[in-house]
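So you can see what is in the structure, the chains are spelled out below.
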Amino acid sequence: MNARLASLHTYKRTVLDPIVDANPITVQVLGLCSALAITSTVLPAVIMSAAVIFVLVIANVTVSVLRHSIPHSIRLIIEVTLIASAVIIVDEFLKAFAPEVSSVLSVFVGLIITNCIVLARVESFAMHNGVWDSLLDGLGNGLGYSWVLISVASIRELLGAGSWLGYAVVPLATEGGWFEPNDLMLLTPSAFFVIGLIIWLARTVAVKRAHDSGRSSAPQRQSSKVA
Amino acid sequence: MNELANLVLRAMLVENLALSFLLGMCTYIAVSQRVSTAVGLGIAVTVVQTVTVPVNNIIYEGLLAAGALSWAGFGALDLSFLRFIIFIGVIAALIQILELVLEAYFPRLHATLGIYLPLLTVNCAILGGSLFMVQRSYDLAESVAYGFGSGSGWALAIFLFASIRERLRYADIPEGLRGHGIAFLVTGLLALSFVGLRGIEL
Numbered sequence: 001m002n003a004r005l006a007s008l009h010t011y012k013r014t015v016l017d018p019i020v021d022a023n024p025i026t027v028q029v030l031g032l033c034s035a036l037a038i039t040s041t042v043l044p045a046v047i048m049s050a051a052v053i054f055v056l057v058i059a060n061v062t063v064s065v066l067r068h069s070i071p072h073s074i075r076l077i078i079e080v081t082l083i084a085s086a087v088i089i090v091d092e093f094l095k096a097f098a099p100e101v102s103s104v105l106s107v108f109v110g111l112i113i114t115n116c117i118v119l120a121r122v123e124s125f126a127m128h129n130g131v132w133d134s135l136l137d138g139l140g141n142g143l144g145y146s147w148v149l150i151s152v153a154s155i156r157e158l159l160g161a162g163s164w165l166g167y168a169v170v171p172l173a174t175e176g177g178w179f180e181p182n183d184l185m186l187l188t189p190s191a192f193f194v195i196g197l198i199i200w201l202a203r204t205v206a207v208k209r210a211h212d213s214g215r216s217s218a219p220q221r222q223s224s225k226v227a
Numbered sequence: 001m002n003e004l005a006n007l008v009l010r011a012m013l014v015e016n017l018a019l020s021f022l023l024g025m026c027t028y029i030a031v032s033q034r035v036s037t038a039v040g041l042g043i044a045v046t047v048v049q050t051v052t053v054p055v056n057n058i059i060y061e062g063l064l065a066a067g068a069l070s071w072a073g074f075g076a077l078d079l080s081f082l083r084f085i086i087f088i089g090v091i092a093a094l095i096q097i098l099e100l101v102l103e104a105y106f107p108r109l110h111a112t113l114g115i116y117l118p119l120l121t122v123n124c125a126i127l128g129g130s131l132f133m134v135q136r137s138y139d140l141a142e143s144v145a146y147g148f149g150s151g152s153g154w155a156l157a158i159f160l161f162a163s164i165r166e167r168l169r170y171a172d173i174p175e176g177l178r179g180h181g182i183a184f185l186v187t188g189l190l191a192l193s194f195v196g197l198r199g200i201e202l
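So the sequences go chain by chain: A and B.
When you line the first sequence up against this note's numbering, it's residues 1 to 227, in that order.
When you line the second sequence up against this note's numbering, it's residues 1 to 202, in that order.
There could be a bad hint or two in this list.
What the hints assert, rightly or not - Facing chain A, from chain B, some residues (calculated, C-beta under 10 Å):
(1) L69
(2) W71
(3) R83
(4) I85
(5) F87
(6) I88
(7) A92
(8) T112
(9) G179
(10) H180
(11) A183
(12) V186
(13) G188
As the list claims (entries may be wrong) - Simulated restraints on C-beta separations:
(14) A6/A / L63/B: 48 to 56 Å
(15) I97/B / E92/A: 28 to 36 Å
(16) S163/A / V195/B: 34 to 42 Å
(17) G177/A / L63/B: 52 to 60 Å
(18) G199/B / S163/A: 44 to 52 Å
(19) S69/A / G114/B: 42 to 50 Å
(20) T174/A / R34/B: 35 to 43 Å
In case anyone wonders, no lab produced these hints; they're calculated from the structure.
We put the CB at the ideal spot given by N, CA and C, even for glycine.
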């Protein structure tokens, strides 16, 4: 019974750790490349998050299944090919069933291949762990990536267009309301500002939590990374 | 000629890969602690980009595009969905070849750039350049111009950023903002100044 509980606990940690404490974006600063350019509105960010979760899970599971038969010297090229295959599936699926979304995301779906999160998880986790753990790890990291992406997109769309997911939230000044949209939020630089502020918030919270609970290992690891 | 020069300028300043498409961010943030390393990486990106975009253009037009194989009797074949795998393979292979050539003929250059070259295989700016080339259907001459322009634009961005970052070492920054947080805010300001370059033409 206890062993069962312990393994449940590990599963939970595998999924939850990457969402807050080891978040791929705010803590490890990975995988921003393909992400932030499409965060000016929420819808593409949601689709992009779904695509990344799918690729992460598929790549992690396939690599984990094949991990004993992949020759060490050519593992990188095999991993990249497996990731690229998963990305092709996503791209063809979007082209067939959601052509408008596909044209908004343009090259950024293809750039999931070079998303550092995917290769990092495959290389550092799936190559050494079982299928089930790898699946959970892919899911957790995908969710950790998604919440940052969708938060950035929500802030930008709310301040930049006064809407969320295309639905009007606050009455715009142009339509007789009081809210004056900030066009800067729809331009690229604001993605940098918003992500910078989110990282600030996430780190401050992480440091405070570690202080409160009396643990000192987590912030030390982080501050050494920062330096 | 004027058109190509315009393309270079636009790829370098207006549509800067790092600052307006946020490509290559992982390397951009990670390797910008010192100006000298940033310059080395910038040169490596420019060289790799100038080589890979035209080569991928030739392969795409000759083998992958719809109807490209009509000479072999496969006129109806459209292999363009294979471009992700092919491009990443071509990039990896070209970087390997470039490393060997540099090592054999330009050992001093290899000593400076050698460590950055393998990193570039998974740099989104490099793959992104090739994907943009397909999306905007550039021809061969335009690909060379675009490859050079976008590569040097990325180099310019990381050089500017590293120069500012060296100064930041002496700044008194709030604890949670140190490191990556402030790096993004600074990049945001840089990107804002590049927005002002919109509409530049020769």
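Hints and how they fare:
Against a cut-off of 10 Å between C-beta atoms, the interface hint on L69/B is violated, since the closest Cβ of chain A lies about 19 Å away. The interface hint given for W71/B is violated, since its Cβ lies 25 Å from the closest Cβ of chain A, which is over the 10 Å cut-off. Proximity of R83/B to chain A holds as hinted, the smallest CB-CB distance being about 8 Å (cut-off 10 Å). Restraint check, I85/B versus chain A: the minimum CB separation of about 4 Å is within 10 Å; hint holds.
Hint status for F87/B relative to chain A: holds, with the closest Cβ pair at about 8 Å, below 10 Å. For I88/B, the interface hint holds, since its Cβ comes within 10 Å of a Cβ in chain A; the closest pair sits about 6 Å apart. For A92/B, the shortest C-beta to C-beta distance to chain A is roughly 7 Å, which falls under 10 Å, so the interface hint holds. Proximity of T112/B to chain A is violated relative to the hint, the smallest CB-CB distance being about 24 Å (cut-off 10 Å).
Taken as an interface hint, G179/B checks out: its beta carbon lies about 3 Å from the nearest beta carbon of chain A, inside 10 Å. Hint status for H180/B relative to chain A: holds, with the closest Cβ pair at about 5 Å, below 10 Å. Checking A183/B against chain A by beta carbon gives a least distance of about 8 Å; that is within 10 Å, so the hint holds. Interface restraint check for V186/B: the shortest CB-CB distance to chain A comes to about 8 Å, inside 10 Å, so the restraint holds.
Using the Cβ-Cβ criterion of 10 Å, the hint placing G188/B at the interface with chain A is satisfied: the shortest such distance is roughly 3 Å. Restraint check, A6/A to L63/B: a C-beta distance of roughly 54 Å satisfies the suggested window 48 to 56 Å. Between I97/B and E92/A the beta carbon distance is about 31 Å. The supplied range of 28 to 36 Å therefore holds. A hinted range of 34 to 42 Å for the beta carbons of S163/A and V195/B is inconsistent with their spacing of about 23 Å.
In this structure the hint that G177/A and L63/B lie 52 to 60 Å apart at CB holds, the actual value being about 55 Å. Between G199/B and S163/A the beta carbons are some 28 Å apart, a value that contradicts the proposed interval 44 to 52 Å. For the hinted restraint 42 to 50 Å between S69/A and G114/B, the CB-CB distance of approximately 32 Å leaves it violated. Distance hint check: the CB atoms of T174/A and R34/B are about 48 Å apart, inconsistent with the given range 35 to 43 Å.
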